[in-house]
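*Asks:* Spelled out, the chains give:
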Amino acid sequence: MTARAPDRFDIGRIAGAREEVAVALEVVDLKMHFGGVHAVDGASFEVAEGVITGLIGPNGAGKSTVIDVISGFLKPTAGNVIYRDADIAAWPADRVAGAGMVRTFQLSSEFPRLSVMENLLTAMPALRGSTLAGALRGPRHWRRAEADAVARGYGLLERFGLEGRADEYAGELSGGQKRLLEIARAVAAGPRVLLLDEPFAGVNPTLAREVESALAALRADGLTMVLVEHDMGAIERLCEDVIVMADGRVIARGTMAEIAANHEVADAYLGS
Amino acid sequence: MSAAWQYYFITLLVYACVNLIAVWGLNLQFGLGGILNFGYIIFQSAGAYVGAVVALGPAVTGGFQSYILGANLPWPVPLLAGGAAGGLLSLVVGVVALRPRRIDYQGMALLTVGLIMTVIISDYTGLFNGVAGLSDVPKPFGAALNLGFVSYGWFFVGITACLTVLMYFLVRRLSDSPWGRQLRALRENPRALQGLGVHVGSKRLQAFVVGGIFAGVSGALLVEFIGSWSPGAWTLDETFLFFVAVVIGGRGNNLGVAMGTIVTFTVVLEGVQYLPLFSYTSVAEALQIVVIGLAFIFFVAWKPNGLIPERPKRFRGREPAPTPSFAIEDGNPGGETR
Chain A
1 MTARAPDRFD
11 IGRIAGAREE
21 VAVALEVVDL
31 KMHFGGVHAV
41 DGASFEVAEG
51 VITGLIGPNG
61 AGKSTVIDVI
71 SGFLKPTAGN
81 VIYRDADIAA
91 WPADRVAGAG
101 MVRTFQLSSE
111 FPRLSVMENL
121 LTAMPALRGS
131 TLAGALRGPR
141 HWRRAEADAV
151 ARGYGLLERF
161 GLEGRADEYA
171 GELSGGQKRL
181 LEIARAVAAG
191 PRVLLLDEPF
201 AGVNPTLARE
211 VESALAALRA
221 DGLTMVLVEH
231 DMGAIERLCE
241 DVIVMADGRV
251 IARGTMAEIA
261 ANHEVADAYL
271 GS
Chain B
1001 MSAAWQYYFI
1011 TLLVYACVNL
1021 IAVWGLNLQF
1031 GLGGILNFGY
1041 IIFQSAGAYV
1051 GAVVALGPAV
1061 TGGFQSYILG
1071 ANLPWPVPLL
1081 AGGAAGGLLS
1091 LVVGVVALRP
1101 RRIDYQGMAL
1111 LTVGLIMTVI
1121 ISDYTGLFNG
1131 VAGLSDVPKP
1141 FGAALNLGFV
1151 SYGWFFVGIT
1161 ACLTVLMYFL
1171 VRRLSDSPWG
1181 RQLRALRENP
1191 RALQGLGVHV
1201 GSKRLQAFVV
1211 GGIFAGVSGA
1221 LLVEFIGSWS
1231 PGAWTLDETF
1241 LFFVAVVIGG
1251 RGNNLGVAMG
1261 TIVTFTVVLE
1271 GVQYLPLFSY
1281 TSVAEALQIV
1291 VIGLAFIFFV
1301 AWKPNGLIPE
1311 RPKRFRGREP
1321 APTPSFAIED
1331 GNPGGETR
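Chains as they are written, first to last, in our numbering: chain A, 1 to 272; chain B, 1001 to 1338.
Treat the hints with caution; some may be incorrect.
Said to hold, decoys possible - To be clear about the criterion: a stretch of chain A counts as covered by chain B if any three or more of its residues have a C-beta under 8 Å from a C-beta of chain B, and this derived list gives those stretches:
| # | stretch |
| --- | --- |
| 1 | 106 to 113 |
| 2 | 116 to 123 |
| 3 | 128 to 142 |
| 4 | 166 to 174 |
No wet-lab data here; the hints were simulated from the structure.
For glycine and all other residues, C-beta sits at the position ideal for the given N, C-alpha and C.
Chain A extracted, bound-state conformation (with noise of 0.2 Å):
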């Protein structure tokens, strides 16, 4: 089909900011139906560049079904995801990924008997030696891209605050470090949205500051986030722009503090 380009848009209407942003995603009257449980049902949002975008909601609001949607582990029962120009709403998940829509997952997902440098170059875009022919073609043809890449992948650990442990199995981390892992490995595919769904689950307060920093950093980058996650604090704290499902539509959209106002808000939350 013929994809809507997503415009501009007034992030004024959603976020209390007065300036026009470019949006990065735009979800469309997506339904997601198993049978007679609707998971996902119309739900319709953007989600503007450079900002991290929150997406929270009761439990069964059908926020992570969403983010498998948009990245492409599920096929929708109807609606768009439009992304750079494209509806991706039927692309398989590594195309999604292809095109620099990146996604971490609920539970920790390291490749746990590879080091931790071979976790981020695992994510790295198209790295020569890759393919079958080009590992046929033997180390003289991909030796050099891959020292480059250990480069980046050793400014990236020093980022997220895993330097040292490059050469340790990522199954042999913390909770909280794989976590940070993860994002790292995200981030190291070059993404240019990634969809973060519940980074804090399961982390030590310690260790959840700071995946919460690298995220900031992240933001302070530039990069366009979507963020899953049920720690209220951290989404007050990271996000400018907060999505709230419930029963798979979304109920209400603004900053924290307007939310936090928002009726029917308290209503899905507790369910009065």
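Starting from the known structure of chain A, fit chain B onto it as the hints suggest.
*Replies:* Positioned in the frame of chain A, the structure of chain B alone reads:
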């Protein structure tokens, strides 16, 4: 040393090399890629059958054996044809059998394919002479060299050893590359790898086909040595033994699985035969599978990483790059598609 003992050692060495090549192929599939190919032996057999028929010459009408593709091609074409047959069969089978996302379902599909292939090859005599199988497969340079039985045996050991070294460098080149690293990531977490932009189905199929080529080459080499091949030579037991070699040696480590191969096939299977006879005459054969089975269970339960575990590649002495960029640049200078 007597001729009989010499030939015994020749046989041991040739079988060891053939098994090494086959196990390296399975290590690519299972050790690196995580594919449970419970039908691995059929790909070795495909190589053996095709390698045999392209060397046997055209089938004679009314002769003692009937087969397809009869040709009289010079060495090493039968070997290459065997590898191609293993790879081609892997491609056809893999496109279907690797479709399920769950690797246990893939394993069941491949086991089923193996059983179906056994029935087809055994019952349809027009393909590869049915249950009786193929025999009188010519030996490479056998007529030209005109050597004695034992001398030719040592010559064949030389050919086999050279080919084994060649295949080792090939498998090492592949498994040490970024392609091999992606295979190991595929084994660990296919969903996460897909989420990083890698087409996991394609990557898995590539590993499957390359492993099939290794299996095919090993089969073609073996049939040239023993001169015959029939369905009785490729049973599920053989596939199990290849898996045992990979698990005992160290899944994912080419040198480890080489050690596993020697331990499984040469030390244990041969060693058991030298035990003093203390019961009925086939006790050694029965003990082989018991000993191997117990060893397999021990390693799976207590030493799952094998004798020589797979080690991650070390990267030392590199300076960090200044500031990683988060932007994707258009184009792909010096890169490859995933």
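*Asks:* It remains to establish, for every hint, whether it holds in the given structure.
*Replies:* Here's how the hints hold up against the structure:
1. Counting residues of the stretch 106 to 113 of chain A whose C-beta sits closer than 8 Å to any C-beta of chain B gives 5, which meets the bar of three, so the coverage hint holds.
2. Only residues whose beta carbon comes within less than 8 Å of a beta carbon in chain B count, and the stretch 116 to 123 of chain A has 6; three or more means the coverage holds.
3. Requiring three or more residues with a Cβ within less than 8 Å of a Cβ of chain B, the coverage given for the stretch 128 to 142 of chain A holds, as 12 such residues are present.
4. Coverage of a stretch by a chain is defined here by at least three residues with a beta carbon nearer than 8 Å to that chain's beta carbons; for the stretch 166 to 174 of chain A and chain B the count is 3, and the condition holds.
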